[in-house]
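Asker: Chain by chain, the residues run as shown.
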Amino acid sequence: MCIGPDGPNAFRRYWGVNEIPFIGLPDPKHKVANLYGQEWNIFKLGRVPALLLVDKKGNIRYQHYSDSMADIPENSLVLAMLDKINAEG
Amino acid sequence: MKIFTIAPEFELHDFDGKLVKLSDFQDNKNLVLVFLRGFL
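These protein sequence lines are chains A and B, in that order.
The opening position of the first sequence corresponds to residue 79 in the numbering used here, with each subsequent residue numbered one higher.
The opening position of the second sequence corresponds to residue 1354 in the numbering used here, with each subsequent residue numbered one higher.
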């Protein structure tokens, strides 16, 4: 699921246009972003991406807090991590 | 956040107003939480 700083209308529009199949959660007050420690840095042009994998037991299994707006983990890495977690049962 | 710690519970409404909680997925699905970039 995606959590972002935009409002519900922006999410609804983007999700509809791009037919995104997973959950989009507007967080315009940055409540969850701050809870999870997503960085906001004016010198990095705002909220910097972050990605976490949470297993079925609620444990954080992987985290990536980006150094820049372009620092995003490769899908292959995330999928490999999910495969590993799924193989554990 | 540290690895192998419990992810903090949260709840947000999706863009259709439905309440979504992290705990809704416990014992059911592994999750990828993506925090989107933004200028806010």
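Any given hint might turn out to be false.
[What the hints assert, rightly or not] Derived DSS-like pairs (lysine-lysine); straight-line CA-CA distance at most 30 angstroms: (1) B:K1371 with A:K134; (2) A:K162 with B:K1374; (3) A:K107 with A:K122; (4) A:K122 with B:K1382; (5) A:K109 with B:K1371; (6) B:K1355 with A:K134; (7) A:K134 with A:K107; (8) B:K1374 with B:K1355.
[Stated by the list, open to error] Here are some, though not all, of the chain B residues that point toward chain A, as calculated from beta-carbon distances under 7 angstroms: (9) I1356; (10) P1361; (11) V1385.
Just so you know, these hints were derived from the structure itself, not from any lab.
No experiment lies behind these values; they were computed from the predicted model shown.
Note that CB positions come from ideal geometry on N, CA and C, so glycine has one too.
Asker: Each hint: holds or not?
Answerer: Tested hints:
For the suggested pair K1371 (chain B) and K134 (chain A), the alpha carbons sit about 21 angstroms apart, so the restraint of at most 30 angstroms is met. For the hint linking K162 (chain A) to K1374 (chain B), the alpha-carbon distance of about 25 angstroms falls within 30 angstroms, and the restraint holds. At roughly 20 angstroms between alpha-carbon atoms, K107 (chain A) and K122 (chain A) fall within 30 angstroms of each other, so this suggested pair holds. With a C-alpha separation of about 33 angstroms, the suggested pairing of K122 (chain A) with K1382 (chain B) is violated against the 30 angstroms cut-off.
For the proposed pair K109 (chain A) and K1371 (chain B), the alpha carbon gap of about 17 angstroms is at most 30 angstroms, so the pair holds. A hinted pair counts as satisfied when its Cα atoms are at most 30 angstroms apart, and K1355 (chain B) with K134 (chain A) qualifies at roughly 17 angstroms. With a C-alpha separation of about 27 angstroms, the suggested pair K134 (chain A) and K107 (chain A) falls inside the 30 angstroms cut-off, and the hint holds. For the suggested pair K1374 (chain B) and K1355 (chain B), the alpha carbons sit about 20 angstroms apart, so the restraint of at most 30 angstroms is met.
Using the Cβ-Cβ criterion of 7 angstroms, the hint placing I1356 (chain B) at the interface with chain A is satisfied: the shortest such distance is roughly 6 angstroms. Annotation: P1361 (chain B) was flagged as interfacial toward chain A, and the flag holds, the nearest CB pair being 5 angstroms apart, inside 7 angstroms. A hinted interface residue such as V1385 (chain B) counts as satisfied when its beta carbon comes closer than 7 angstroms to some beta carbon of chain A; here the least separation is about 6 angstroms, so the hint holds.
The structure does not agree with numbered hint 4 stated previously, though it agrees with all others.
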